[in-house]
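Novice: Chains A and B, in that order, are what the protein sequence lines are. Following my numbering, the numbering of the first sequence begins with 89 at its first residue and continues without gaps. Following my numbering, the numbering of the second sequence begins with 1431 at its first residue and continues without gaps.
Heads up, some of the hints might be wrong.
Restraint ranges, calculated between C-beta atoms of paired labels, are given here [to be verified]: (1) Ala-192(A) <-> Val-1681(B): 36 to 44 Å; (2) Ala-178(A) <-> Val-1681(B): 53 to 61 Å; (3) Ala-178(A) <-> Lys-1881(B): 38 to 46 Å; (4) Gly-1593(B) <-> Ala-226(A): 54 to 62 Å; (5) Glu-1693(B) <-> Ala-143(A): 31 to 39 Å; (6) Asp-194(A) <-> Ala-1720(B): 39 to 47 Å; (7) Pro-193(A) <-> Pro-1909(B): 30 to 38 Å; (8) Asn-1736(B) <-> Ala-178(A): 38 to 46 Å; (9) Lys-1900(B) <-> Ala-192(A): 20 to 28 Å; (10) Ser-1853(B) <-> Ala-143(A): 53 to 61 Å; (11) Pro-1522(B) <-> Glu-224(A): 37 to 45 Å; (12) Ala-214(A) <-> Val-1883(B): 54 to 62 Å; (13) Ala-1845(B) <-> Glu-118(A): 52 to 60 Å; (14) Glu-224(A) <-> Asn-1505(B): 38 to 46 Å.
By construction, these hints were calculated from the structure, which means they are not laboratory data. Just so you know, even glycine gets a beta-carbon here, dropped at the ideal spot from N, CA and C.
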Amino acid sequence: MKPIDKPAAAALVVRAPDRLTYQDVLQIVELVRAALRFERVDVQLGELRISVERADVSPAAAVGAKAAASAQDTTTVLAPGLGYFRRAAAPEGPVLALVGRMLAPDDIIGAIEVMRQRTEVRAGVAGELVEVLAEEGALVEFDQPLVRIRHR
Amino acid sequence: MVGFVDETFRDGPQSLWATRMRTATMLGGAEWVNRAGFNKVCVTSGAAFETAVRFLGENPWDRLRLLRAHLPDANLEVLIRSRNLFGWAQYPDDVVELLFRCLRDTGTDWLKVFDGLNDFRNIAAHFAIARHVGLKSAGMIAFSLSPVHTDRYFAGKAAELVGYGVDTVMVADASGLMTAERSRSMLGAIKAAIGDVPLEFYAHHSMGLAHEAYREAIGVGAATLTVASRPLANGESVPATRDIAAIARSVGAPADLDIEAIEKLDDYLTWAAYQEGRPVPAPAKFHRKAYDAFAGHQIPGGMISNFRNQLRELGLIHRLREVLEEASRVRMELGYPVMVTPFSQFVGVQATMNVIQGERYKTIPNELVSFVRGTYGSPAAPIDQNVKDRVLNGASLDPINLVEQYARPMLGEFARTHGPFGSHEDLLLHLFYGRDHVAAMYASGVVLEPKPVRDVPLAALIKELLKTPKLRSVRVERPGAKLQMRLARA
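Turn these sequences into a full structure, and let the hints guide you.
Specialist: Listed below in structure tokens is the structure:
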């Protein structure tokens, strides 16, 4: 099975909490239960790592294509890992996942948040942001579509 | 500088958890509530007492003693509903006094007393009795939106309360309908009428208006604002403590609160809400259409959902809108009672029957006859004469003298016919809830732990993961912390 450990574009925006809170516990439980759809999952975001193994192994647990699957003239930006989708890179920051925004490949289109740490997600291609596919605060899985960008 | 009254243990659970917060949950958060620096902490009410006895199997007097022990630095406050006290009948002065003595002896410092009609003949004695037994009291003014509930009307009511020797005057908007403009004008008028007596303000954030109403209240010079920990705030409840503390700071009236303690409390109660299966509502946003629709009938949200169910069962759900419009009319005809228990029920039930039966006031419940006779006091506006004639049906009834009625003692007779009782506390529980419910409470087997029992987050995490099926192993790692679990399976 595909291990999920893609801290590739990871940039730590919010300092990791130094003590476990009850709200952290709720997030971990939710992430673990979501991860159970896979046979084995490793999540690494910023300095946090979560690994989960299922007791019963089901071969049907397939994972979507790794590359951005898209229509010809657009690119779909996928979630780099399991977490909560945020349309801003910081809690009080401006909304970045905005339809109509013109993007360069290095521009940030949002972030994946786990335990108050946000990992920025970058556009990867130049173009216009034409659709936001994940809701603010929604729990997204690895490779889940976040936004669609029409090539310039 | 503005002070704060906390409703995390009282209004929060009553508005969001059907009053089902257990003593153990409260004690788990008590250390932070104690440290937070609230002026007062409201800990119980009639609804909380009744729910503890009937549904949680907890002795509410023991709960009060435990809260007193674990909130040593807080002023504990109890909400009193007019002559109903902690029950449903109307009780005379000797019951008021015994209840207040028992509350004092279990550690209560303050009472806040309201009457749903703002007819203070019902509660004038409460303030004198509170003072007599050594309790402080806030006289509450129940806000309502209607043509007769003017700033002048409320200022007059506030002055009347001051005349009864209340320690503070508290304006309470349970409907959530008070706008910023109204807050400024009304609280300004009341402040002018009460002089040096502190003004307290309390509003539900159900319409998305309380933040702005609170901001204005600070400007007018309110002494306290009423709030709750975030998981027990918003929705039909009061605003969240940290949100209002931020507003106070932004207008240069810094809150003397320990924000770190409140964050810890918020965090712990988020977990408690999850464990109890109670959603944490987001703050409401103001919508003009929703506001206008609600302002007409002002039937509380919980009651409307009951209506929906009942009408659906009758196959009449398509007439809900008609029923709500009829409720606006009935409310007007009955003199604009404030839409709180039991008056919201009177209006709602009558409106439903008027619509379903196709003839207005064809069936009239006994409670409505009592209301129209003045058993509960007088509403802000006179009752429509045609409705009055129809309800009383030509019967010549003696006028009701409330003060005389309340002076007639009932405890001696009750103790003779229902006793003996183990204690005054026991007697009051029997009086309010009846022998069967009290016996069931004593037999419930629920033991209130005298010390807070609270899983630390890591223990909470492990226990919760153990409940997850299909899990073989989990590893959570972070700088300075590592948790690895491999579950044994049979």
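Novice: Each of the hints needs a verdict: does it hold here or not?
Specialist: Hint by hint, here is what the structure shows:
Taking the beta carbon of each, Ala-192(A) and Val-1681(B) are about 42 Å apart, inside 36 to 44 Å as hinted. Our hint of 53 to 61 Å for Ala-178(A) and Val-1681(B) is violated, since their Cβ atoms are close to 26 Å apart. As the Cβ distance of Ala-178(A) to Lys-1881(B) is approximately 41 Å, the hint placing it in 38 to 46 Å holds. One distance hint, 54 to 62 Å for the beta-carbon pair Gly-1593(B) and Ala-226(A), holds here, with the actual separation near 57 Å.
Distance hint check: the CB atoms of Glu-1693(B) and Ala-143(A) are about 37 Å apart, consistent with the given range 31 to 39 Å. At about 43 Å, the CB distance of Asp-194(A) to Ala-1720(B) agrees with the hint of 39 to 47 Å. Between Pro-193(A) and Pro-1909(B) the beta carbons are some 31 Å apart, a value that agrees with the proposed interval 30 to 38 Å. The hinted range of 38 to 46 Å is satisfied by Asn-1736(B) and Ala-178(A), whose Cβ atoms lie roughly 44 Å apart.
For Lys-1900(B) and Ala-192(A), the Cβ-Cβ distance of about 43 Å falls outside the hinted range of 20 to 28 Å, so the restraint is violated. A beta carbon spacing of about 54 Å between Ser-1853(B) and Ala-143(A) agrees with the range 53 to 61 Å that was offered as a hint. For Pro-1522(B) and Glu-224(A), the hinted distance range of 37 to 45 Å is not satisfied, since their beta carbons lie about 57 Å from each other. Roughly 58 Å separates the CB atoms of Ala-214(A) and Val-1883(B), a value that falls within the hinted 54 to 62 Å.
At roughly 55 Å, the beta-carbon separation of Ala-1845(B) and Glu-118(A) lies within the given 52 to 60 Å, and the hint holds. Taking 38 to 46 Å as the suggested C-beta distance range, the pair Glu-224(A) and Asn-1505(B) conforms, at roughly 41 Å.
Hints 2, 9, 11 from the earlier list are contradicted by this structure; the remaining hints agree with it.
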